[in-house]
Amino acid sequence: MTQQKLGLLFMAPVAAFLLIGFVSPILIVGWYSLMEPRSFDLNTVFTIANYRSAFSDGYGPPFFWSLSFAAVTTLTCLVLAWPTAKLLHRFAGRGAAVITALIAVPIFISESVRLFGMSLFLMPGGGILAGSMRALFDLSIGSVLNTKLAVYLGLVYVHFPFVLFPALLGVALIPQDRIDAARDLGASRWQVLREVELPLALPGLVIGALLTFVLCIGANAEAAILGGQTVTVLTRAVEQRFSYAQDWPMGAALTMLVIAMTAVFVFPALSRLDLNRLIRR
Amino acid sequence: MTRTAEPAQRQTALSLIGLSRHFGTFKALDSISLEIEEGEFFTIVGPSGSGKTTMLRILAGLDQPTQGSLLLRGTDITRMPANQRPTAMVFQSLALFDHRSVGENVEFALKMRGMPKPERREQAFELLDLVHLGRDYYNRAVTQCSGGERQRVALARALASDPEILFFDEPLSALDYRLRKTLEVELRELQRRTGRTFVYITHSLEEAMVMSDRIGIMREGKLVQIGTPAEIYGQPKDRFVARFMGEVNIFEVSDHRLVDFEASVSTVKDGFLIVRPEMLHPVDAEDPGLHFEATIAEVFRLGSRVQLHLETVAGLLVSEQPASCQLKPNDAVRFGFDPDQTHSVPE
Numbered sequence: 001m002t003q004q005k006l007g008l009l010f011m012a013p014v015a016a017f018l019l020i021g022f023v024s025p026i027l028i029v030g031w032y033s034l035m036e037p038r039s040f041d042l043n044t045v046f047t048i049a050n051y052r053s054a055f056s057d058g059y060g061p062p063f064f065w066s067l068s069f070a071a072v073t074t075l076t077c078l079v080l081a082w083p084t085a086k087l088l089h090r091f092a093g094r095g096a097a098v099i100t101a102l103i104a105v106p107i108f109i110s111e112s113v114r115l116f117g118m119s120l121f122l123m124p125g126g127g128i129l130a131g132s133m134r135a136l137f138d139l140s141i142g143s144v145l146n147t148k149l150a151v152y153l154g155l156v157y158v159h160f161p162f163v164l165f166p167a168l169l170g171v172a173l174i175p176q177d178r179i180d181a182a183r184d185l186g187a188s189r190w191q192v193l194r195e196v197e198l199p200l201a202l203p204g205l206v207i208g209a210l211l212t213f214v215l216c217i218g219a220n221a222e223a224a225i226l227g228g229q230t231v232t233v234l235t236r237a238v239e240q241r242f243s244y245a246q247d248w249p250m251g252a253a254l255t256m257l258v259i260a261m262t263a264v265f266v267f268p269a270l271s272r273l274d275l276n277r278l279i280r281r
Numbered sequence: 001m002t003r004t005a006e007p008a009q010r011q012t013a014l015s016l017i018g019l020s021r022h023f024g025t026f027k028a029l030d031s032i033s034l035e036i037e038e039g040e041f042f043t044i045v046g047p048s049g050s051g052k053t054t055m056l057r058i059l060a061g062l063d064q065p066t067q068g069s070l071l072l073r074g075t076d077i078t079r080m081p082a083n084q085r086p087t088a089m090v091f092q093s094l095a096l097f098d099h100r101s102v103g104e105n106v107e108f109a110l111k112m113r114g115m116p117k118p119e120r121r122e123q124a125f126e127l128l129d130l131v132h133l134g135r136d137y138y139n140r141a142v143t144q145c146s147g148g149e150r151q152r153v154a155l156a157r158a159l160a161s162d163p164e165i166l167f168f169d170e171p172l173s174a175l176d177y178r179l180r181k182t183l184e185v186e187l188r189e190l191q192r193r194t195g196r197t198f199v200y201i202t203h204s205l206e207e208a209m210v211m212s213d214r215i216g217i218m219r220e221g222k223l224v225q226i227g228t229p230a231e232i233y234g235q236p237k238d239r240f241v242a243r244f245m246g247e248v249n250i251f252e253v254s255d256h257r258l259v260d261f262e263a264s265v266s267t268v269k270d271g272f273l274i275v276r277p278e279m280l281h282p283v284d285a286e287d288p289g290l291h292f293e294a295t296i297a298e299v300f301r302l303g304s305r306v307q308l309h310l311e312t313v314a315g316l317l318v319s320e321q322p323a324s325c326q327l328k329p330n331d332a333v334r335f336g337f338d339p340d341q342t343h344s345v346p347e
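If you're matching them up, the sequences are chains A and B in order.
Under my numbering, think of the first position of the first sequence as 1, with each following residue one higher.
Under my numbering, think of the first position of the second sequence as 1, with each following residue one higher.
You may find that some hints are simply not true.
As the list claims (entries may be wrong) - Reference listing, derived: stretches of chain A covered by chain B, where coverage requires no fewer than 3 residues with Cβ under 8 Å from a Cβ of chain B:
#, region
1, 172-184
2, 187-194
Said to hold, decoys possible - Taking lysine-lysine pairs in the DSBU-like style, the calculated list, with each CA pair at most 30 Å apart, reads:
#, chain 1, residue 1, chain 2, residue 2
3, A, Lys86, B, Lys111
4, B, Lys237, B, Lys222
5, A, Lys86, B, Lys27
6, B, Lys222, B, Lys269
Derived from the structure by calculation, the hints contain no laboratory data.
C-beta: ideal position from N, C-alpha, C; glycine also.
Using the sequences provided together with the hints, build the complete structure.
So, in structure tokens, the structure goes:
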């Protein structure tokens, strides 16, 4: 058997899996999105009515909030992850593993459980934070629970590790001698960061940012558990179309828009990434 | 008005006063004092782990001394951060910015100072010409350059900041022999032409001999000897320096007697005679001086010279003769040297 045939053979299981589990659902959802509103058949009478109403019937806010939350969360996580990654890298082998574990372990706990925990923490009156403040310092504080701020805090809390670990990988890509060389050539600390460290760590940062951004666009639990009814995010809007409204074609059209939007962010970023360089280290 | 003529004296560029660097209990640098003169090519030679790199990093401001101070033309710069020092370094790894083009690497220091792009570019062109790369290299990726080209990029990048002193941390060690020779000559020429102070570190004696005005020999964090290449080769301070500066035969002297031979030395009471291979010759039995029976163990042809390994009562000795020498292995010959003409060291 030739090399090429053997390669195709090895590829077949994965290809079949992707075709059945990934491509065909997208095709079906795409097909549904072109059907009459509120219909349940797949036929050949196509319409773009669903897409038209996606842009005209008040779906703007869910898109706006999901995108805004995703952008702000990604930015916050990047800003927090950079110094953390630098410190963890510097103290690698000297207690950094303990901190890393403390950050990593919560990932193994269900996201909803963690968010309910956070909700308990933030609850007004008898919540852990407010209750402790009253008991210990006789201080009465309000609560951010059921506000957009709580959603934002929840998103950052849940997604921080997804930026931190790729960022750590990115920081490991910066050889110390490049920093020394830049300093020696007159660069201030800020210039070293901008000219040498960030560009060299970019692959890790891009991966972390993409993961977080994409996950945040699809995030629902934070808004549901911490945000109360204050904000409807994209996933919630899609879910409502499919379940409560029984309007599959509309839900499908919204889904296709989310996929398209995600692709717009992901593909340009991924194409600039040299994955080989990351793996070789 | 009359003016007193001052004696022509070289200014001190860099003064190291009792510089020490301790890592825990380990003394990487142990109270180094040294004055490097303006326009001098000063080379620090030593085996790996002798503290050369630590010293250079402190001079460049990339590390802080535990004790002592560092003066640049009389101004204390011990605590001055690296980015404010008017010095530049060529790193052993070269530390080129692979994510930038050759041109951007060269003009890095200028960009840090906020020089506008067109001016930077013009200077980068000049520097690329100076290091014999040419301006065609400006837009090339660093990763596409060969070892020698990368070397020149690193040099141009360091020169761009117009440093008062240039530091070199074994930059040629990764290159092949011929390229190294070429670059040694070019570096020396560049140093002469620009009149800048170069501080160079290497573990290669040959490199140090070819390029330097003065050499400092380092061992276990201390400067053992400082002098011109000729001084260090001809009058080493101890056996360590003698051995470090190439092949050498060492004979112990105790109370005016050579321990290995039944012979006396008038000039030395106790110590060691340093006999370079070229001072050991085949001789006739009637010749004055010291001689002894030797059997040729091995013959190495080194182009212009022949290196002979001799088996003698004093063990294996090394002699170097002109290429015309016809001695073969197993030949029995008398070899000798003049003990009174030989340099000696106390330890």
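Against the structure, the hints come out as follows:
no.	hint	in the structure
1	172-184	holds (count 8)
2	187-194	holds (count 3)
3	A:Lys86 - B:Lys111	25 Å, holds
4	B:Lys237 - B:Lys222	14 Å, holds
5	A:Lys86 - B:Lys27	29 Å, holds
6	B:Lys222 - B:Lys269	28 Å, holds
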